[in-house]
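Residue numbers (this note's numbering), protein chains in the order written: chain A, 310 to 419; chain B, 924 to 1035.
No lab work stands behind these hints, which were simulated from the structure alone. You may find that some hints are simply not true.
[As the list claims (entries may be wrong)] Think about it this way: if two alpha-carbon atoms lie no more than 27 Å apart in a straight line, the pair counts; the simulated DSS-like pairs of lysine-lysine are:
#, chain 1, residue 1, chain 2, residue 2
1, A, Lys-376, A, Lys-346
2, A, Lys-416, A, Lys-346
3, A, Lys-406, A, Lys-376
4, A, Lys-376, A, Lys-416
5, B, Lys-932, A, Lys-406
6, B, Lys-932, A, Lys-346
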Amino acid sequence: QQPVQSPQAVILREGEDAVINCSSSKALYSVHWYRQKHGEAPVFLMILLKGGEQKGHDKISASFNEKKQQSSLYLTASQLSYSGTYFCGTIYRGTYKYIFGTGTRLKVLA
Amino acid sequence: NAGVTQTPKFQVLKTGQSMTLQCAQDMNHEYMSWYRQDPGMGLRLIHYSVGAGITDQGEVPNGYNVSRSTTEDFPLRLLSAAPSQTSVYFCASAEGANYGYTFGSGTRLTVV
């Protein structure tokens, strides 16, 4: 029932770009993105609202396609500090449960 | 600004023991949730609350109880600890439905 993220894992070299997808079978109010570094708590990155509005954070941006119930996270010119696990988070319409996607492990190599 | 404070940071329990994980936030957030994260896994919702006096079950509520008597506090009670409850527990809060969550630093629980 949780949103499915793809890919499950990705390895990049510094400076390369990556795209992480979050897909839901249910209607979403909005989508949020988080990054969790090893041994730490998740940290909120950004919110995506209906209408495809993008909110950026440094060289990280995202989009939200309401029709497809899918959000994508774009990491441009990746840095070593981008390494971690990325989660999308959302509330399904009609509930107040805030749930997270399956997660994507990203590792950036020097 | 303390944000979300969880105590204790580490705990070892014997099977069958009960305990309460504490969570407090000082941001006046209405929404609070408890998650567990097993090694290499994602975050699974245990219980959540949308305001003082209002709680509901998440995806994996069995073996856990919660209460929300104040806006600030949202304790999680383990009724009779089992080895399957060994995990890292995170408490998180948000201003409302369309806001991102702020997480506490987590409680690492081991049940032997």
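(request) Provide an ascending list of the numbers of those earlier hints which the structure does not satisfy. (result) 1 and 4
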